[in-house]
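*Asks:* Protein chains in written order, with our numbering: chain X, 1 to 209; chain C, 210 to 418.
No wet-lab data here; the hints were simulated from the structure.
Heads up, a few of these hints could be off.
[Unchecked claim] From chain C, some residues computed to sit far from chain X (all C-beta separations above 10 Å):
no., residue
1, Ser-233
2, Arg-289
3, Thr-303
[Said to hold, decoys possible] Covered stretches of chain C (chain X as the covering partner; in silico rule of three or more C-beta atoms under 8 Å from a C-beta of chain X):
no., stretch
4, 290 to 301
5, 344 to 358
Just so it is clear, CB atoms sit at the ideal spot from N, CA and C, and this is done for glycine as well.
Residues per chain are reported as follows:
2 protein chains.
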Amino acid sequence: MDMICDLHNTTSNMGLTLIHYSASDWVTLHICKYLQTKITKVPVRVLVLDFPINDAYNLESVSKHGFTLEVGPQPQGVVRADIYVIMKEAVDLTIDWIHKFNSGTVFEGGDVEVFKFIKSVDYPRDPETRNLTAAVHPQLQDRDFCLLKRGDPLFLSFSGETVTCEEEEPLHPFFINEGAYYEKGIAFHLAKKWTLTVPSVQVQTTNSA
Amino acid sequence: MDMICDLHNTTSNMGLTLIHYSASDWVTLHICKYLQTKITKVPVRVLVLDFPINDAYNLESVSKHGFTLEVGPQPQGVVRADIYVIMKEAVDLTIDWIHKFNSGTVFEGGDVEVFKFIKSVDYPRDPETRNLTAAVHPQLQDRDFCLLKRGDPLFLSFSGETVTCEEEEPLHPFFINEGAYYEKGIAFHLAKKWTLTVPSVQVQTTNSA
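Kindly produce the complete structure, drawing on both the sequences and the hints.
*Replies:* Here is the structure:
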């Protein structure tokens, strides 16, 4: 399969996030760059999960190119028109790019700002029961991709205490308080900003790669 | 049972809404009035479902007094600290009121603005499959308790058409796009604003009522 797009929703305030596994897949990065240029109503972020490919869990990992389109916030079992419209625009523009690429359009190279996955952070839990003892702090909730520094609030315990960030290095949290990740032991992931420089691409170049 | 509070969350942007079944239960209305005075961080609205009591579906309908505390928006399976804090404050203040009342405090009468349930509106659906053909319009989503007038947008169809309001009288929508109400055929409810005048209450007065 040449390309797969895996369409996802999240309860986190992720806006439109394009997630993929390789920092050297120029075709996918060019589509991300194209969507970043064309979509202006919401922030379009690119997230690189630089995992060994055997650890990949999204559908597009079985195709040569592609990404997961993650749009949120939206609760499970709810259709929000704003989220639907963003997803539709992103899918339409992806197909648009493919048509242009297959027709011989040259896409110029340049820089793409991406977020690179670093680590996951779990909720504070009771050591015996494993039940949560705190929720994501109101000052962190909905602030996906903000810059999180040492001392910033992370969690608010159910008895009212604030748990703060102890990371040495400022990092960017994402998938903050995603409903499906409680059972996985993930309150949020942390990422680092990174600039990738992509070369110009054209259909023949890709075929010979 | 003298009093029950039924604690609920919703995917709708309901803030803190106090729901009960009787426009003549002065004890419950006084607690609502007390919460409206004390809680200033979020709007506190009172909703009267003036149903025949046999149609009542909330837990407090089996007690002499009480209400449902409805707080949102929060997705299913997610704990939001802001929602948790609002709920805790409302429960603490309710217990506070009961202690004061039982200690003989006189609560002065006055006006309470409430919303009275009028009717429910379903999503546009395919007449044969009953599948949705539209979502709540982005201009209505999250605007619970706004004033909805004839011609205002209600739904955005999946092919891009806007469905507008045809009500003769301006009304207030609530429980807009609640996840649990798709299966009940409810996109939102409509209410009318209403001012109730409650008399002063004191513990002996209530006992003789």
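*Asks:* If a hint holds in the structure, say so; if it does not, say that too.
*Replies:* Comparing the hints with the structure gives:
1. Ser-233: The assertion about C:Ser-233 holds, with a minimum of 36 Å to chain X.
2. Arg-289: 6 Å, violated
3. Thr-303: 19 Å, holds
4. 290 to 301: holds (count 4)
5. 344 to 358: Held - the stretch 344 to 358 of chain C has 5 residues with a Cβ nearer than 8 Å to chain X, which meets the minimum of three.
Of the numbered hints stated above, the single one contradicted by the structure is hint 2.
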